[in-house]
Structure formats: structure tokens, C-alpha cells
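Residues per chain are reported as follows:
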Amino acid sequence: MEKERSRKYWNPYFGGVMLGLVLLAANFIAGRGLGASGAIKSAVVAGVQTVAPAHTEKAAAYAEYAKGHGSSPLKSWLVFELLGVLVGAFISGAWAGRLKFKVEHSPKITGKRRLIFALLGGIFFGLGSQLGRGCTSGAALSGMAVLSLGGFITMIAIFGTAFALAYFFRKLWI
Amino acid sequence: MGPLSFYEIISENTNFLMAFIIGIGFGFVLENSGFSSSRKLAGMFYGYDTTVLKVFFTAAITAMLGMILFGLFGWLDLSVVFVNPTYLWSAIAGGIVMGAGFIMGGFCPGTSFCGAAIGKIDAMVFVGGLFIGVLIFMEGYPLFEKLYNAADLGAPFVYDSLGMSRGLFAFLLVVVALAAFVGAEWAEKKFPRDEY
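Read top to bottom, the protein sequences are chains U and L. First residue of the first sequence: 1, per the numbering used here; consecutive thereafter. First residue of the second sequence: 1001, per the numbering used here; consecutive thereafter.
FYI, nobody ran anything at the bench for these hints, they're computed from the structure. C-beta: ideal position from N, C-alpha, C; glycine also. Just to be clear, a hint being listed does not mean it is correct.
To be verified - Across the chosen pairs, the derived CB separations fall in these ranges:
id : chain 1 : residue 1 : chain 2 : residue 2 : range
1  : L       : G1163     : U       : A94       : 48 to 54 Å
2  : U       : K171      : L       : I1132     : 20 to 26 Å
3  : L       : G1163     : U       : V87       : 40 to 46 Å
Only chain L is shown next, with the shape it has when bound in the complex:
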């Protein structure tokens, strides 16, 4: 029964080793899906390459459905799995700042490490920027503290907040994903694609 680390089926050190192995899988999949290229990632926002949407959305629904099934089969205790807490205003503000960083830099943190690993110098510079950005937050924390801790909603589930059952929300999300994939295929045909 999972999570293996929580039920002490694996030791803390084994868990760190598993983190390394899972990281290898994560990096391999991202790189092999084209996420080490900023031009491919940024293509999402101009419609000429919608790989990001397809990979990201497919991954989210695959993991979500897997979690639900594992929970139903009794393989995974969902009550102890980490659920990100929601601080409403910092979630929105942080997302806006990250979105601006995305369109300027063409990477997000995970993908920039993938780009850096295969020699992309722009990705290495982006990683350098990440360290500066985190340091700015740590040093300027008194400035951000109020926003950071405002509107603490706990760790609510999105389906509860929308007043529907988990199954219905999951079903609707899959429908939305499928519709988005149809739109993405259409956009890639409509907008010219650079060869790079």
C-alpha cells in the first residue's frame, strides 16, 4: 500500500534514491518530448507548436486518473498524499509573475534544467536567473509576506470548491482536455511553423 515512504515500506534513504530515479524519468521524458527547446515551448503561445499543451494536459489527466484508480483499488492512501495548499492571492500573483517569466525566458524551471543538461546556454542563463529570483524572494520576504500568507484556504480540492463530485469533475476535465487537443491540432495547421 502506498505511499511507500509514508508506510515505511521503504526507508528514508531509499526514498531519496527513488527521488533520483524518478528525476531521471522526469528529465528523460521532458527532454524526449522536446521540452529542452525554448522555441518549442514558446510555440505554445503563438499556436505554431502546441506540444506543451498536449504533453502537459495528457500528463495531468493520466496522473489524475491513475491516482483515482489507485485509490479505489486500495493501492494508494489518498488521504496522506500531499495536496498543495491554496493561498488564493499568492497563487494568482505567483502565477502571473511566472507567466511573464515564461514568455520572456521560454522555459519553466524543470524544462530549463533539461535544456541546460544538453548544452543550451540560454537555458543555463535562465537557471542562473531562477537562483536570483528565489534569492530576491528570500531577501525581500518582509515585502512579500502579507501577500504570501493572505487568504489561506487550507488545501481544498477543486471539485469541492466547484460543488461537484470528484468523478464528475474528472470526467469533465478529460472532456476539456480532448476538446483542447482538437483545438491544438487545428492551430498547428493554421499557424505557420518554423523549421528549427
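This is chain U alone, in the form it adopts within the complex:
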């Protein structure tokens, strides 16, 4: 039903070429790839600095972060990029008629169950992205584009694990 109202998605191969060109542009302009989790880290560091400044001076992780970054954690390339992502996705959704508040879930599960697993999934992904020094965008996709060994390892670990666990979580999706 929804498909009749909203425009169709791009052909995936065309979308892939476009995504590749965006990634190429990022490397050409800024000498780095795309990312998402890095911006979240900036926001978390900035938030904790504001709420508990004394704590961030003592705790090792914040001190190390401050050493590697400039004055304000929010004034970073990835933060501006991720703000752009929100705008770009909104434009695309508005253009295609897909703007709508809803909880998307399989008809076989409740919305509440979907939200619980969305939260859990987010927590796992957030934690994993820090261990892996980047997420699907920053470590896997951008890493593969520059032929980094780590990028390929992380990509295989992410998708391999998701495939391996798919059976156990099948009731959420099919």
C-alpha cells in the first residue's frame, strides 16, 4: 500500500555508485572517508564534559580523546557530516513522500518488542563501534575503499556475525 503512495527507491547498483562517489568526494576533499559513530563519540564526550568536567579530566578514555582532538569535541568534521546526513535523509524522505512518524516492525511482533530490540541493538552497535574504531561507514566501507586491512576484517566480522546470529533472531524479522 505504502509503495503506491511513495516513490520507489533507487536501483541499488545506481545507489551504490552514487554512495561510492560521495565517499570518493570525501577522500578527495578532506582526505578521509565517511563516518557516523565518531560523531556520536564527540557528542558523548562533549556531554560528559559539560555535566561532569572533573570526571573527564581523570578518566583515561576522555583524557586520551582530548589529546587527539582540538579545542571542542563538537567542532569536528564528522559532526558536521552527520548533521548533513540528517538533512540529506530528510530531503530524500520528503521528496519521496516517506516522512511519517511510525515504529516499523514485522507484523508478527509488537511495536514494544521492536523498540526494546532497537534499543539493545543500538547499545551493542555503539559499544562495538568504539572497540572496532568505527562502524559500518567509518571502519568497514571507508576502510575498504582505502584498502585497509582493518576495514576488511571489521566488515567480515560485522556481516559474518549478523548472518551467524540471524537464525536466532528470525522471529523479529520474518
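With chain U fixed as given, assemble chain L onto it according to the hints.
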């Protein structure tokens, strides 16, 4: 000659503006490829919708070939482009934890922001989870520190590690991608697809 920011062809502030514009392109492409839908993303792991594989793999080889060509033409100095460092164990462990998050939550960080931007409440909750997950890492850092910094291999290239030339690896990767696309088309025909 690129990278433009490194050779100071553009200023730092212009670079931030470009980050915003590149982000708009990134978000637009992800959303318009269907990545704002968790059911479409999760379909990858059940074979009923392999959009993720097609978009992701096509993007990776497009960017990779573009980088190689830009390097050969002298348009982009590849020696100063950021190459992700490889810490073997944390790359694997982080990937495993992320994979578990992917199959539970149906999003990855970038796509969850796209979903949130068009009003998906499950995506907003996933984003909330991301902040909690990052905070857990920052606060629990002493627990993760050893694993996080173990087996620092520097920033090796995958083709060096496999003992082949860059060109041969790139060629093989394109062949693997093409084979994966054939497999993906087959899987989509074989597994039933929900209309949603």
C-alpha cells in the same frame, strides 16, 4: 591536487562546510536506497532483500577504483589519505559486537540517523542506544583498554597482507563483487519477500 584540505586549497572552515554538504549527499543516497528501513536492511540476513549487499559492495568498489584512478592521474595524493589503523583483536571483537547489534536492531549508526530523520521511532530509539553504548565504552574503558590496544599492526593495506599487488587485489575484489551480485539476485528470487 587532493586532498584539498591537506594541501590547504580550502580552509578549515570550508572543510567543515564541505563535511556538511558531503553529509547531505551521504544521507540522501542512503535514504533513497532504502536504508532508512530496518526491515529492508535486515532482509539482507534472510535473503529476501539483498539491497544492502548490492549498495554496499558497489559503493566500496566504486570508491576504491576511483581512489586508484585519482592516484594514478595525480589528482589525489594517496600517501596522505587517512587509512584506518588495524588493531587485530579489537577489529574482530568490535565487528562481532556490532554484528550482534545489527541483527537485533536492524540498523547501523549511519542508517539509523537516516531512519530517525524521516520519523522512524525505532530508529530514534536505536540512536539513543548508540549513545548509551558509546558511554558504556568511555566509562568502562579500563575494562576494554587491553583488548582495544592489543595487536597494533599499524595501518597495513590488505593487498600487502595477502602478498599481492594492489591492482590484482582490486581486480579480484571486483570479480568477488560481481559473483556476490549474481548470488544476491538468485537469493531474492528464492526467498519470499514481504511487501512492506
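Against the structure, the hints come out as follows:
1. L:G1163 / U:A94: 48 to 54 Å: 50 Å, holds
2. U:K171 / L:I1132: 20 to 26 Å: 24 Å, holds
3. L:G1163 / U:V87: 40 to 46 Å: 44 Å, holds
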